[in-house]
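Asker: These are the residues of each chain, in order.
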Amino acid sequence: MSGIAENKSILRCEEIEVSYGAFKAVTNVTYEFKPGFLYGLIGPNGAGKTTLMNALSGRAQLSKGRVFLNDQEITGQSPHARTWAGLGRSFQITQIFAEMTVFENLRLAAQAHRFRLQPFWRPVGKFKEIANDAERVLSEIGLEGFGHVNAGSLSHGDQRALEIGLALLSEPKVLLLDEPLAGVGHDVAEKAVELIRKVSQGRTVLLIEHNMDVVMEISDEIIVMLAGEILASGEAETIKRDPRVRTAYLGEEE
Amino acid sequence: MNAQRLMALIVAIVISVPLMFPEGHSIGMVNAILIWSIFAIGFDLVFGVAGMLSFGHAAFFGVGAYTLSLLTMRMGWDFLPALGAAGVIGGALALVFSYFAIRVSGLFFALLTLALSQLIYIMAGTKLRMLTGGVDGIAGVPRPDLFGIDFYDDGNYYFFLLALFVLALLISGLIRISPLGQALKAIKSNEVRAEQIGFNVQRLQRSVFTISGIYAGVSGGLLASLIFYVGPQMLHWSTSGDVVIMVLLGGMGTLFGPILGVAIFEIMREWLSTQTSHWYGILGLIFIISTIGMPKGIAGLIQQLWNRIMPGGKS
Amino acid sequence: MSLLEMQNCDVFYGKAQALHDVSITVGEGEIVSLIGRNGAGKSTLLKAIMGLNPIASGKRMYDGRDATRVSTEMLGRSGIAFVPEDRRIFATLSVDENLRIATVMGRKGAWNLERVYELFPRLKERMTSRGDTLSGGEQQMLAVGRGLLTNPKLLLMDEPTEGLAPLVVEDLIKAMALINAEGVAILLVEQNLKVPLKLATRQYLIDNGHIRWSGKTEDLLAEREKIEGLISL
Amino acid sequence: MSTIVIGLSMGMLLFLLAAGLTLIFGMLRVINFAHGSLYMLGAYLAFQMVNVTGNFWAGLVAAPIIAAAIGALMERVALRPVYNRDHVYQLLLTFGFILVLDEAVRIIWGLEYKQMYPPELFAGAIEMFGSSVPSYRLFIIGFGAAVSAALFFILDRSRYGMIIRAASGDPEMVRTLGINVSLVRTGVFSFGAGLAALGGAVAGPLFPIELGMGFNIIIDSFIVVIIGGLGNIRGAVLAALLIGMTRALGYSYAPSWVDFLTFILLIGTLILRPEGLFSRKGRTA
Amino acid sequence: DEPESFKIGAVLPFSGPYGIIGKGMKQGAELAIEMRGGKVLGKPVEVTWEDSETKPQPAVQKATRLISSGAQMIFGAASSASTAALQGITEQRKIPLLVTISADDKITRKNGYRYTFRTSNTLGMEIRMALEFTKAAGLKKVYGVGADYAVTRDGWDAYKAAAEAAGVEIVGVDYPPLGNRDYSVIIDKISKTDADGVILIVTGSDGVTFLKQAGQAGLGKNKVLFGPVLQDEVLAAAVGPDAIGAASGVRYHYSLDNPANKAFVEAYRAKYNEWPDSFAGEAFDGMSWFLDAVDSTNSWDREEWVKAFEGSVRENSVEGRKEMRACDHQALQVGLWGVVEKGEAPYPDLKMKITNIFQPEVLFPECEE
Ligand SMILES: Nc1ncnc2c1ncn2[C@@H]1O[C@H](COP(=O)(O)OP(=O)(O)OP(=O)(O)O)[C@@H](O)[C@H]1O
Ligand SMILES: Nc1ncnc2c1ncn2[C@@H]1O[C@H](COP(=O)(O)OP(=O)(O)OP(=O)(O)O)[C@@H](O)[C@H]1O
Ligand SMILES: [Mg+2]
Ligand SMILES: [Mg+2]
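So the sequences go chain by chain: A, B, C, D and E. In terms of the working numbering, the first sequence is residues 1 to 254. In terms of the working numbering, the second sequence is residues 255 to 569. In terms of the working numbering, the third sequence is residues 570 to 802. In terms of the working numbering, the fourth sequence is residues 803 to 1087. In terms of the working numbering, the fifth sequence is residues 1088 to 1456.
Treat the hints as calculated values from the structure; they're not laboratory data. A quick note: this is a predicted structure, and the numbers were derived from the prediction, not measured. Heads up, some of the hints might be wrong.
[What the hints assert, rightly or not] Think about it this way: if two alpha-carbon atoms lie no more than 27 Å apart in a straight line, the pair counts; the simulated DSSO-like pairs of lysine-lysine are:
(1) E:K1247 / B:K381
(2) A:K128 / B:K442
(3) C:K795 / A:K240
(4) A:K240 / C:K763
(5) E:K1438 / D:K916
(6) D:K916 / E:K1279
(7) B:K550 / C:K584
(8) C:K722 / C:K743
(9) E:K1181 / E:K1227
(10) E:K1222 / E:K1308
(11) A:K191 / C:K584
(12) A:K126 / B:K442
(13) D:K916 / E:K1358
(14) C:K743 / A:K191
(15) E:K1113 / E:K1130
(16) C:K584 / A:K240
(17) D:K916 / E:K1113
(18) A:K191 / C:K763
(19) D:K916 / E:K1247
(20) D:K916 / E:K1130
(21) C:K693 / A:K24
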């Protein structure tokens, strides 16, 4: 178990529900996330994992329930306000600034984090600190040589790495990662896992991943969703053995 | 030197024609180019940089023109404060528009701004006619009265306009490369991501919309004083259409492109119309051909030619 | 006889060369896999086969004929299907429409709507939802289902298991084996090596736009060390 | 009561004017500002046909066909190269079309007004609810209903709508399915152009046929398209009827506010339900 | 130093829907110059024709350029908005502006624009003609329809007050928007009233649309449709047979029986092979008159021209006597009123028949601000 284990929760959702018309993508989810923990969120396709993340980060509207960050209620706040409050995320379907270079992508994230009001009286290049932030993360995500490449022409796997980099730059207390390893080559995946481990130091991470080897290995606690609800949660070993999880998601082990 | 500088040079040449030929007949046209350029530069902040297609800028342009005219003619204000007020009112109206319009995006944004500005157009022509002079407008809009210079002389007025133009260009150039400009580009590129990294998207959009409303208000006021007249035609959506066309023709999202677009548009109007009575059709053909042949407008073409002439000259 | 043959292909993005002198073949009814690290050029090659990336030099032979100049839609009509890595679901179409559009050209074969819904029951549940509201995994299923519904002779699959739950991956692997058994050739790109190792008979290893190695799957496992040395860096 | 009949006819007329735009706008995502010019062209073509053959119906048939051919040409030559660019470039293009079409009409038919009359069959007026309603108005109601039914059948029931919607998002992917996207696009644009001309031919007997006649209807048509929901034929019919009724009532009680009412309706729709008042599904994400 | 030539800058609509106005005006003015031997003050007249696009900005821009390249006078602008815009620049540059079509009353007013002269009708006088017609035709109940803008509203108010004073009952009034597309509801509404006359204060295609639709509903059968500028030959041709019986003010007409007009019509038909429309007639008239006034000064001083023109009287204009009132630079003249009737060759199928000629005394009030 990593980080400072306090009893107080850093992120908490109470009976939240997200519905689209008659369809409920998330129902009645209540959970307390403890500071410093790395949570693995698993479940079948369409179980509502991404939607839960959307609800936490403000992209999906709640039809019921409340969300707290650091005991402050953030229900109804916009995504950027939550980012400012310390909630960062990556997306399952890559969201980058495709027409801009990789460096510019990162610099944007840095500037969004540094300035509440975006200055308009000085060229962006004159702000050394944000360039430094961007450079640092550029090497952290292993894209050193690619600073001047247009983000849109990166290969799929490299775009996934950039995706994480953008989330990191807002220096979040709570980091939500939606399938960061999808499409990342198996050789690089090990490095990526290391990266996740590293960035989870001192922060809370919620990780959605279908790669069971990774999830089981690095999670402090695992949450299983099914049909919009939390089916089970607990340590890796318990979850692995849970018959309900096996039939709904994992399948029989070879 | 790079393509940017080349464009700057072309712009500089076009706008300094009156300096080289002070007796020429081009001053009136260059003055109009300067004024429309201010409008287009400001418009491109919204259109080219932030990626919002507005069909409502005619409202800010026209309202600026009315503001200046009414304040100077009916309230006895001096020109400069009235011009400032034109900018303020243009910006304020843009801010009001943005509260309605920013809730939707893309084509819906374009049509909502269009509808809002048409409402103002209709108002000005009918219900507000006591104020606006109705369909026939108000004639006799004054020019500045400063330092004892006769600005009613187009040659002198040119310098006044040139100063404002340079100022407008500098401010817009700075905004583009500032963090604000970069943030706007980010929103254009990917709104979801921009919001997630912490940009207050709506506030940023509102602010750039307001800034360009100020540009539009000021340029509208200037146009009224250039032609001594203001009328509801300036509020009509086809005025918004004109500025869109100019910016597209010149190259959206570039600093100098919109100016080139304005220049071509105005020169075409002046020159072609003296050549043939079929100039509308020819202008149409030019639009069609340049859309097909110049994917990024004149600015793009210059960039492309530059790259061909100076291979490997990456900037 | 080989169904598809790419001969000495070069592909560029602008001035940057992404594929160098690449040659591969896929036999009738064969599963071939293409592996390589991120940015190696796998997707570029699949798109080149589909006619979405122009081939600067080299040849595309399909079904025994020179198809270098054949357009994407003609390739599609003559039985090549493409499941792209970023899914490319039609956002404004419903799930059902996303599938039905693949049947418009009416190629005959074993696949029809019912069968796809059987393979991915989840899609049936979401039948009327718009494509862009689907979860990532659901979109992946949809992309695969759409590819199948054209009843192809050759299926190009770019990371088809990305984002799928383990159970669904198993179903998909079974389905691929099945359709292969029905005579469809598959060219498979996968990061998750388990899948190609299980399914493919032959492997191509691509790195930096060059084919570095090709051979039987058994050989790949046997010569593993030597092959890893072939990959740059 | 007669106001309702007239309102209905105004609505159907609006629908006929806007149908081509809905189609092109909704399906190709092309903001065809030249719609008004095609409409005008349709009126002139119909006039010409009537002049030559003396038969209204000949004009009603020939005008759309010729305009469709011109539309196909426009699409092939000019629109095709710009699909994969930002949609805004189509603005410049369609503005160009306006000028060229207007010039062509000016060269061919000159500046004088032209006129057309309703066909014999619908020349008179019919006494209804204590007013005499021109029977041509009743023809418009019937004809509009027939056209909308046909369109509904062709578009919503057939797969063309589906293909076009898919292609407007990702044409490349549609091509991989073996579908000839450009052919479908040409078809849609040319069909839309034909519909615009049909609108012009139907409107010919009601309005002066003149060079400026296309300009005003663009905005009207946009309003119908937006309120109805992009590319939604059923929505367009309902929206047109709604606006027709609103206007008819407006003209009876407060004529000078008619334009306001229409715009307020549009603004309200855009703010409250940007996907259109009559779109079938709520928009998601 | 005298210039080489007498330069006239003409700013008229040539492109777009109003091109027809520009064409008529150009032909009329050209003939006026030709018939005086192409000379003024002994120098050849040189006209530069510019397209105003019916928009104020291009109009002013082009006028500015014309002036800076030496134009001695500006001729034109068709729409009142463009004319108003031109007044700003001509006043500034002290260049005479000759207006022969724009009808907005504000263009000529007491102590208004020193350099603007209008030789053609004002809307105010045309409204008064409509009033005189109402009385002459014995209409008792009148319904009004006006395009919704300032000039028409003012005109209507004036008409209403005077008509009521003369014992005419005003049944109702509607102001549909300018550029209105469909009058059918209003027509239906009017048909249900017992009005015996309908005054239409609309121009151009709005009037055409109304008459077409009114014809289809049979409105004209028992009501007289009339208006200050409702019809002329051009517009009647656009309406078709439904126009027959509509009564309207006429700005100029080729059928006027006086020697000057006969000469003009003959020359015009010889040169252009068509009947002069009111744009051509008014332009011819204004241009000849102004150039005569210039010639009479024998001077190149524009102030002299202004002085000569104001107060000048033209006994033999194509419309009879005209007098350029000094106080507001508006030409006093008779008002022509006519009705659309079927025409026989060589006349067009539908032509105006002049039914009334009203004297200036009843049409022009005292000069007022
Ligand atoms: N905006 C929306 N409108 C309608 N339905 C939606 C919307 N967003 C999500 N859904 C539905 O909600 C369900 C849950 O989606 P979600 O993306 O949360 O799944 P997930 O657990 O992340 O799955 P995966 O592992 O495939 O990514 C899906 O069935 C999806 O179709
Ligand atoms: N549209 C593009 N424009 C320019 N360069 C591109 C483009 N797409 C890919 N590239 C470059 O071509 C190379 C090969 O990319 P490709 O997408 O084929 O890799 P890949 O093997 O599929 O990788 P991944 O496993 O990450 O999907 C990469 O260096 C990439 O940056
Ligand atoms: Mg998900
Ligand atoms: Mg790839």
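Asker: Which hints, by number, does the structure contradict?
Answerer: 3, 6, 9, 11, 14, 16, 19 and 20
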